[in-house]
Amino acid sequence: MGSEYAIEADGLRRTYHTRTGWLRPRRTEVEAVRGVDLTVRRGELFGLLGPNGAGKTTTIKMLNTLLIPTAGTARICGFDVVTRTREVRRRIGYVFGGDRGLYDRLSALDNLRYFAELYGVPPHQQKPAIAELLELVGLTGREHERVEGYSRGMRQRLHIARGLLHDPDVLFLDEPSIGVDPVAARELRRTVAGLAANGTTVVLTTHYMAEADELCDRIAVIADGRIQALGTPAELRRRADGRRVVEVEAYGVPDSAISALRGLPGVRETAVEERGTLQLLTVQSDAHLDVQGDVLRELAGVRLGRVNSREPTLEDAYVAIVNAA
Amino acid sequence: MRALVIGTLMHAKHMSRSPFEVALALVIPVVQATMAVHLFRAGDEPHRLLEAAVGAGLMGVWASVLSGSGGAVQNQRWLGTLEMIMMAPRRPVTVLLPITTATAVTGTYALLATLLWGRLLYGIPLDVARPYAFLAATVACVAGLGMFGLLLASTFVLLRNANALANPLDYPIWLLSGMLVPISVLPSWTAPIAAALPTTWGARAVREATVGGPVWPSIGVCLALGTACLLLGAYCLTSFERRARAAATLALS
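Just so you know, the protein sequences line up as chains A and B, in that order.
With the first letter of the first sequence counted as 1, position 135 gets the number 135 in the numbering used here; the numbers rise by one all the way through.
Counting the second sequence from 1 gives a position; the numbering used here is that position plus 325.
Some clues are possibly wrong.
What the hints assert, rightly or not - Residues from chain B that face chain A, not an exhaustive set, calculated with beta carbons under 10 Å: (1) W403; (2) P414; (3) T433; (4) L437; (5) A438; (6) R444.
As the list claims (entries may be wrong) - Distance windows between CB atoms, simulated: (7) A234/A / S564/B: 44 to 54 Å; (8) S564/B / R27/A: 22 to 32 Å; (9) D80/A / S564/B: 12 to 22 Å; (10) T28/A / L329/B: 16 to 26 Å; (11) L445/B / G276/A: 32 to 42 Å; (12) H124/A / R416/B: 19 to 29 Å; (13) L494/B / D80/A: 32 to 42 Å; (14) L494/B / T28/A: 23 to 33 Å.
Hints listed in this document are in silico derivations from the structure and should not be mistaken for laboratory results.
These figures come from a predicted structure and were not determined experimentally.
Note that beta-carbon positions come from the ideal geometry of N, C-alpha and C, so glycine has one too.
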């Protein structure tokens, strides 16, 4: 089946039902994904961004056959994810972030041998494929060590090697750089970009805007179970056109001050990022208004650090899209 | 077949490197050998000590299969590998059978260790009546138990707390299978249940090889029942895997 698209999703929905208690069971229903429509071209590097609980992982798990959608349809390389599961699974790889997902007491080589067999890599191709992937992810020479002794970056690279063993047409990367140090993250980005350049379709979820901006051909911003915006990074950045951003480093900003900032004339968005004792306030305003003076006035009496006024980035556009959802 | 062998080897390797499993494997056989010896000495049947030790060893194999089958799914959830192995482009049975077989293979250690401890601590003579038949019966018993374990594991795919279901099955099965106490002393209503369990026939085959008796029919019934469990387990797994994907119980989160 030669579909033009690697991924097609139409009206995907997923509801979770949970039950707590035995004598008086309480049933709750959570609508994690509320109708996602998207298409991803073959060879495209597609980003899926959104806050925690937005529905990114649920969407990916419906596309990679781990969850059955409550409603809607999805196809991978033309195969339906519910009715043609095995054909879909032959064509996809799945890599997720974090420490889990590997057999810790086995070596990297044993992990790859086992998954190569499980994913149907022909026996005569296993050895060269494993050697090539170990080289690709920079684990050559360390393959005989047990995974329990690996750093998080090494585990993540092993995850990627495992995901690529059967040479998938579509690779799902679910927050692959989570907890990885900057150097390892850069290596990882290089590897992902190389895969896309070689024709693998990659779907990437990440919290790191710079990563998405650098890598993705197109990005979908998902919030509240729906796609809120979809376009190239440049197109999404334009969502913040006509705005100016003031960033203020502060310590112990009271909630009342933040509310006051939101009420300032010309202010469109405010965000607070906690960085230990430091708070990074980001205030987006109409570009033709200079709100820096007003912002500093509202923060009078608060201990401040660096103050910076700049052009909006993809992250600012993302914040604007998510806040509007 | 290659996937089954490699899968079994890898899982057996992974399990045998667990400090917890190793500690259990060192302690439990001593307890079981001691229990067997004192039970049969108290019963004034010292000539049946080897038979008792074999029965105690089989209890160890079963305990390993049971905890392994419940754990097969639960451990994979904890490791975060359950989703990865279940999304392999294979039938679910091909994915889970190596795990339950690996638990039976590592459980064989309990049988050997119980016999060894029995010899070292209590001087139980290892005079097996038919050594080759004993080997064949042990292999058949391990295979039968592995296949029975798969049937149990298939139901555990649906449950988040699979070991809660697995633990209560430990004693009834070894009791019903006559691993330590002869089936003849149990109430008559247990006989049909015992006859339907591959564990009963596996234990009987090993015991007959130890003391002498018709080993091969028991091996045949054990493998036939095991195969039936395998087929039923394969069917259940396919159905339960789909239900688990619908109910979102494959992963912990």
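Each hint tested on the structure:
Hint on W403/B holds. Least Cβ distance to chain A is approximately 8 Å, under the 10 Å limit. Because the closest C-beta pair between P414/B and chain A is about 4 Å apart, less than 10 Å, the hint holds. The interface hint given for T433/B is broken, as the beta carbon of that residue sits about 20 Å from the closest beta carbon of chain A, more than 10 Å. Using the Cβ-Cβ criterion of 10 Å, the hint placing L437/B at the interface with chain A is not satisfied: the shortest such distance is roughly 22 Å.
Against a cut-off of 10 Å between C-beta atoms, the interface hint on A438/B is violated, since the closest Cβ of chain A lies about 21 Å away. For R444/B, the interface hint is violated, since its Cβ never comes within 10 Å of a Cβ in chain A; the closest pair sits about 31 Å apart. For the hinted restraint 44 to 54 Å between A234/A and S564/B, the CB-CB distance of approximately 48 Å keeps it satisfied. For the pair S564/B and R27/A, the supplied restraint of 22 to 32 Å holds, since their beta-carbon distance comes to about 24 Å.
Separated by about 19 Å at the C-beta atoms, D80/A and S564/B satisfy the suggested range of 12 to 22 Å. Judged by the Cβ atoms, the range 16 to 26 Å given for T28/A and L329/B is violated: they are separated by roughly 41 Å. Under the hint 32 to 42 Å, the C-beta atoms of L445/B and G276/A, about 60 Å apart, miss the expected range. Between H124/A and R416/B the beta carbon distance is about 23 Å. The supplied range of 19 to 29 Å therefore holds.
In this structure the supplied range 32 to 42 Å holds for L494/B paired with D80/A, their Cβ-Cβ distance being about 38 Å. The hint said 23 to 33 Å for the Cβ distance between L494/B and T28/A, and at roughly 31 Å that hint holds.
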